Amino acid sequence: MALLTDALSSVALVVDPVPWARSQMAFTLAFHIILVPLGVSWSVMTLIANYRGIKRNDPDAMLLAQRWSKYMAVTFAVGAVTGTVLSFEFGLLWPKFMGQWGAAFGVPFAFEGIFFFTEAVFISIYIFGWRRLKPWAHFWTGVPIAVAGIFGSISVVAANAWMNSPQGVTLDSAGKVTDVDPMGVIFNDAMPLMAAHMVVAAYLVGGFMVGSVYAVGMLRGRTDRYHRLGLIIPFTVAAIATPVQMGVGDGLARWVYDNQPTKFAAIEMVTTTSSDVPEVLLGHLNSEGEVVGGIPIPGLASFLSDPSTGKSTVVQGLDETPEDQRPTIHEVNVVHLAWDVMVGVGTLLFLLTLWWWVAWIFRRDMPKSRWFLRAAAASGVLGVVAMEAGWTVSEVGRQPWIVYEKMKVEDAATANTGIWITFIGVVILYLGLGITTILVLRQMSRRFRTGGPSSEADVPYGPSDPVEAGSVDEADDAVDARKVPL
Amino acid sequence: MATTAALILFAAITTYAVFGGADFGAGFWDLVAGGTKRGERPREVIDHAIAPVWEANHVWLIFVWVLLWTCFPEAYASITLTLFVPLTLAALGIVLRGASFAFRKAVFRTRDRRNFGAAFAISSVLVPYCFGAVVGAIASGRVPAGGKAGDPWDSWVNPTSVLGGVLAVCLTAYLAAFFLVRDADRLSDESMVAYFRRRAIVAGVAAGLVAVVGIFVLSNDAEYLFDGLTSRALPLVILSAISGLAALVLVTRAIRRGARLAAVGAVVGVLLAWGVAQWDYLLPESLTVSAAAAPSGTMTAVLIATGLAAVLIVPAFVLLYVLDQKTLLPEESMPEPAP
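Which chain is which? The protein sequence lines are B and R, in order. Here the working numbering is used: position 113 in the first sequence is 113, and no number is missing along the way. Here the working numbering is used: position 185 in the second sequence is 185, and no number is missing along the way.
Bound-form chain B, shown alone (with noise of 0.2 Å):
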């Protein structure tokens, strides 16, 4: 074994696991994080959807509550398989952190599974009812999907934020867990806020990831009034969902600035410790620690982390901490960066819902313009890309650690060496089932444009339509709309 051991390394088929173990999670994490606004808040917009359809009798809000519960059904079972993967990870990437700390970090995904069941159950009572229950009472099984979708995303988050202020445990002199406070780990002090940033960033990325569908709809010249509702349903969500967020981020960046210094640091990329420190938009750290290039604004990283005490306030600076505890030169210049791009991002995205809510108060209408339309159609690109830097932000700035100031990456990866293979195979297949989600979900869209009113036959678990699948059935269908496209 010995001898194989050295005949694989000699080919570099040995290698160190911890750099693989790190890309494999942060990828599978970044795919698995594009559906959770999805899954989170796709079912309220159905929902208000379905309300105006029944309430006001409106046939286009109907019809399109109906598609989207059926779109929502695909994303959800994508959804629910990359979950999947996660759960496995835990173990596979990370058996030391998990064996270590699995009893705290544990506790709040004992409380995400009743959640996720619930969603499960109630996405598969919503979508098979709207043959089979009356109107209302098929509305209220919906309601479950959006409440359980909202305690969900907590309880993730309550887990990770504990990776950012590991409470409610006691430690022996060895480091081993001896005793557990449940309470005291779901809510950590840095749970409230950034459950609050995921959640609502779940309903502002959601709603203009929808949005821009219809937006791209308007622009090819659909613009009747069921792509105008399709508009102006997700497009209101996140129009109410992005100045909260401003809040809610802004409250979260000085609760870094607060408990975890070092992140800070690396966020404004302050390399000492001084006050009226230059809020520097891009910019990078060199090989010697300076800041490089960039565009210094004098005093705002000072003033807008304790506005109470403005320019005078101490920023603490990265030489504070010893080397092998803060993130590398290399990682501070990708945080400082994703930073940069999320509230850049987020800044557009905020005059976007500013001039949508203009028009609205001043005109009653929504923005006429083209170039309204085209800022929308990126809005949901733009969205994830800010929401993906924000969760870059959080965990690259994070870094050494695995558990802040506990337990370092390095010390919870596994030994397995094979990981690049995993690595490899897992980007190959996610890539194929990312490619696959956007072509099923447009196929499913061009069938509906085409073909009118369709089966529930769409969905993994939509009710299965006698005339489906069959060429015993299929002449019988010749005019079925589902086939015209094809």
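In case anyone wonders, no lab produced these hints; they're calculated from the structure. Mixed in with the good hints there might be a few duds.
[To be verified] Which residues of chain R face chain B? A partial, calculated answer using Cβ under 8 Å:
hint: 1; residue: VAL59
hint: 2; residue: ILE62
hint: 3; residue: ALA77
hint: 4; residue: VAL95
hint: 5; residue: PRO295
hint: 6; residue: LEU312
Quick caveat, the model's predicted, so the values are computed rather than measured. Glycine is no exception: its CB is placed at the ideal position from the N, C-alpha and C atoms.
Given the coordinates of chain B, assemble chain R onto it according to the supplied hints.
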């Protein structure tokens, strides 16, 4: 408290094995249903049967993981470190399976359906094999305690693991055939009832043979487990065998009532026997349940979460079940929902 948590964990594994197992087994029958034309009708029945339940069935697996890493973190670390390869294969298989199944329903070109269908069906066999091999590795004492890695290959390529994998595939196919008989019955499709009835018999006989061979494998390869199975777990082994025989008799004579229940009883019996045989070890002969247990604060939280789950989720499932049963016309027949 550790014992209660272990019992809940075991109940979750059993539930997953029955409902998830039936789900995987349906994929097995999809795989062996033959060409596009010949396999069309069976595949339709299978589609109808698992479409509304496959997602809920997966939640059980996540529940198992969460219970394991929260209540017995050290065991979880040892298992994932040692059994990296089969668990990775299982995870990839689950992605491929779930996504392909969802996509197969969403696309309409025969070629696309066939490709997604094949991916779905192959992974439906791969995943239970891997899980069976993992159980075999644990039960034969190949996973060391203390968050250490055992042998990355021998831990799951060994007689007990092969037995576990093959038995898992047989049992999933066996369960699924019984469930599908009932589903075909509800679709009032007599030819499909007969079709799956034949398969239920074949799978039952195969699972029985594998189990008999297994006794010899275990006596050589997993002594601790074998001793347990032949002493304190013996009543369960016998119960499982009787249930299995009863299921075979019922299905052969085309008696509708009770066959499915007996089949489930046989599978649950196998799992319970495994659990009792290796009690009170979590990892046989190296880590006991009480030694692996998380601190009491964690256990309390998990028990509360489980209680809440029972209060909230059971009614939800009942609602799904009732809605499903009450409002359907025979020709619209729906597969029955999960648990």
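Cross-check of the supplied hints:
no. : hint   : verdict
1   : VAL59  : 5 Å, holds
2   : ILE62  : 5 Å, holds
3   : ALA77  : 3 Å, holds
4   : VAL95  : 5 Å, holds
5   : PRO295 : 5 Å, holds
6   : LEU312 : 6 Å, holds
In terms of the numbered hints stated before, the structure departs from none.
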